[in-house]
Amino acid sequence: MQIAIASGKGGTGKTTLAVNLAYFNGIDLFDLDVEEPNDYLFFKNAKEVESEVVSRKVPVVDQSKCDYCGKCRDVCEYNAIVVLKDETMIFPELCHSCGACSYFCPQEAISEVDRPIGKIISIKSEINLAYGVLEVGEASPVPLIRAVKRKIAGNAIIDAPPGTSCPMVESIRDADFVVLVAEPTPFSLHDLKLAVKVIDRLDLKFGAVINKHGLPFDGVEKFCRQEKIPVLGRIPFSTEIAERYSKGELLFEYRDIFKEIYDGVMELV
Amino acid sequence: MFKQLTIVSGKGGTGKTTVTAMFSVLASKKGVVIADGDVDAANLHILLKPEVIEEIPFYGSKKAIIDPDLCVSCGLCYELCRFDAVQKKENGEYHIDELKCEGCALCYNACPAEAIEMQIVESGKIFVSNTKYGVMVHAMLNPGEESSGKLVSEVRERAKKIAEMKNAKVLLLDGSPGIGCPVIASLTGADLALVITEPTLSGLRDMQRVLDLTEHFEIGSVVAINKCDLNMDMTGKIRDFCSRNGIEVVGEIPYDPELPALISQLKIPFECGASEHIRAMWDTIKEKLDV
Amino acid sequence: MKIAASTFKGGIDDIVAEHFGRAESFTIVDVDGSEIQTVEVLKNSAANQTSGAGVAASQLIVNKDADVVLTGSVGPKALAVLQAAGVRIYRASGLKVGDAVKKYLGGELEEITAPTAPKRGLGRFKG
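Chains as they are written, first to last, in numbering that gives the first Met the number 0: chain A, 0 to 268; chain B, 0 to 290; chain C, 0 to 126.
Next up, chain A with everything else stripped away, as it sits in the complex:
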């Protein structure tokens, strides 16, 4: 059973929910926000069990075999290859690792080497957490997200990245249920609608949790009612909760809310 926590808008409380939901229900946690992973901050006494470098393939040209025909450059959609009279140059930063150049080289002059894109860190506490850390300057988080996903076995809570584009889609697409976290603000409502569109397109079951409940905007609740989106729980807006979050502390006084939310998900699945 994989439960993904997503939101559309950043800062609504995905991490707060993912971390507490996993901890108070004893489920392994996977942080797929590889650009800005934060879940590990809540498990200060955890032991690091494993750190694995993740790479993608980039081409390398054997200049002695190359006859500068330019076929590799012709099949590259990303301008990662330039062919001069006596040299073929590769720009790995632009390469998307598709394999076309090495596949089509008539002289078999192109081989592939690993280029690190980030790492996966696994830590052990009362629950297990695996998270990806994307190398700064690397353009796409998607290959690393895929690599972290491959570690999922059994029940899992997935902390998805913010937004509604590729990285979020990759993170939630194989989940059994998606919990959308929203906050009572016009920005969150706008992004919630986009997130719902994506989830509909992926044909996934989902529900909502309203964080910072108490803020003066009723648009989100209205929208959930209108669209018949089940609201699985409401986390109150409180400076105490905000402070706990700021220190990376779990919300022990609110454990019941997180147990309820989990029960709610299980009922709907």
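The hints are simulated quantities; they were obtained by calculation from the structure and are not laboratory data. As the structure is a computational prediction, the values presented were derived from the model and not from experiment. Among the hints, a few may not be true.
[What the hints assert, rightly or not] Computed list of lysine-lysine pairs in DSBU-like fashion (alpha-carbon distance at most 35 Å, straight line):
| no. | chain 1 | residue 1 | chain 2 | residue 2 |
| --- | --- | --- | --- | --- |
| 1 | B | 88 | A | 56 |
| 2 | B | 48 | B | 160 |
| 3 | A | 43 | A | 246 |
| 4 | B | 287 | B | 124 |
| 5 | B | 165 | B | 236 |
| 6 | A | 70 | C | 101 |
| 7 | A | 118 | A | 246 |
| 8 | A | 246 | B | 266 |
| 9 | B | 165 | A | 227 |
| 10 | A | 192 | B | 287 |
| 11 | B | 48 | A | 204 |
| 12 | A | 118 | A | 43 |
| 13 | B | 165 | A | 118 |
| 14 | C | 42 | C | 95 |
| 15 | A | 148 | B | 99 |
| 16 | A | 46 | B | 236 |
| 17 | A | 56 | B | 168 |
| 18 | A | 150 | A | 258 |
| 19 | B | 160 | C | 95 |
| 20 | A | 64 | C | 95 |
| 21 | B | 61 | A | 196 |
| 22 | B | 124 | C | 8 |
| 23 | A | 246 | B | 287 |
| 24 | A | 150 | B | 99 |
| 25 | A | 150 | A | 123 |
| 26 | B | 165 | B | 99 |
| 27 | B | 99 | A | 196 |
| 28 | B | 29 | B | 160 |
| 29 | A | 118 | B | 61 |
| 30 | C | 42 | B | 168 |
| 31 | B | 48 | B | 165 |
| 32 | B | 124 | B | 266 |
| 33 | B | 48 | B | 131 |
| 34 | B | 168 | B | 29 |
| 35 | A | 192 | A | 150 |
| 36 | A | 84 | A | 64 |
With chain A's structure known, arrange chains B and C on it following the hints.
Here is chains B and C on its own, set in the frame of chain A:
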């Protein structure tokens, strides 16, 4: 010649959009062009209320499509695709998942039956709009589409051209959270990056990563700490980090419940205590940009 | 010798454009001694590429066998390509193409040997 200020955050929800909206008002005297580079979850228009005058379709990467009439079901595309985009259906036919296809065209080039075509797909729209404060360029990426920097780059390029034409002094770019391609694209050409953070462990950590990014691309950066009184200890840690690394903290904005109250009424929140800090921040940044 | 200038609409009277990779066009002049023999305007197909515009543009220049490029700012990848191909680059942005060529022949232009940011910013895009 205009100066470009890009506002980023690393972590989402720190107040980037609110600050950008307020800066748009403050900069309008000088002549400002506003660009919303957060194309994945664009929010700036909610506060700036633009009137769209031009709508331009955005064509992202290409997608491969198999013509079932020409396909001989050899399965080569399925073998070769590195993005798991080719699906084998039960009846032996092959189909390409549009959401997974990255447009690399390997299958298109390899198909022995020439049964694959590369189609340019409209994956979003760019808008050029008028607002009370200046021209605004923004965009909408269709949900689920690849958020490459291409759309952000196009938004930025259009905004730049307009800024040049209108002789604006400032180009304000609202960036997206994270450190990936879209953020990199919004930082391109920036004279200054303003990183907005919050005094939480996550806020500190994410700010550090986005500062790694601006350093990597050699863009001068300053920091603002929003909701600074939420945790004075963390605010202190952020200040220390910045001072150790020679980065100026240009603003510390206390939490003010009036601010979200005004936002919930879709108002740009000038009528609250916290706004004084944001005004002061703009004055400091104006000087740094030399506008 | 062949000299390529980054331009807008192109031609001898056009202004040399600041950005190499995304220039609208390249104006290529063939010079014999100090006389301009031919002028060709080449549309820059690399201009609206998602990424690698500079790389693609430099491939165009290399394919045209240009010996010299006159422009304003060149990113690190494009610079690496041009240098590997033995092409020399000089700063001429803002000048009319005809004047820029004369100044080049007169040894008056500054050579670009390191990647440059667009003149006005601290921003430097390496991606």
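Hints and how they fare:
no. : hint          : verdict
1   : B:88 / A:56   : holds (28 Å)
2   : B:48 / B:160  : holds (22 Å)
3   : A:43 / A:246  : holds (11 Å)
4   : B:287 / B:124 : holds (34 Å)
5   : B:165 / B:236 : violated (42 Å)
6   : A:70 / C:101  : violated (38 Å)
7   : A:118 / A:246 : holds (25 Å)
8   : A:246 / B:266 : holds (31 Å)
9   : B:165 / A:227 : violated (47 Å)
10  : A:192 / B:287 : violated (39 Å)
11  : B:48 / A:204  : holds (34 Å)
12  : A:118 / A:43  : holds (19 Å)
13  : B:165 / A:118 : violated (46 Å)
14  : C:42 / C:95   : holds (18 Å)
15  : A:148 / B:99  : holds (15 Å)
16  : A:46 / B:236  : holds (24 Å)
17  : A:56 / B:168  : violated (44 Å)
18  : A:150 / A:258 : holds (25 Å)
19  : B:160 / C:95  : holds (21 Å)
20  : A:64 / C:95   : violated (44 Å)
21  : B:61 / A:196  : holds (22 Å)
22  : B:124 / C:8   : holds (27 Å)
23  : A:246 / B:287 : holds (33 Å)
24  : A:150 / B:99  : holds (20 Å)
25  : A:150 / A:123 : holds (14 Å)
26  : B:165 / B:99  : violated (41 Å)
27  : B:99 / A:196  : holds (17 Å)
28  : B:29 / B:160  : holds (17 Å)
29  : A:118 / B:61  : holds (30 Å)
30  : C:42 / B:168  : holds (31 Å)
31  : B:48 / B:165  : holds (20 Å)
32  : B:124 / B:266 : holds (26 Å)
33  : B:48 / B:131  : holds (8 Å)
34  : B:168 / B:29  : holds (6 Å)
35  : A:192 / A:150 : holds (31 Å)
36  : A:84 / A:64   : holds (14 Å)
In terms of the numbered hints stated before, the structure departs from hints 5, 6, 9, 10, 13, 17, 20, 26, listed from lowest to highest.
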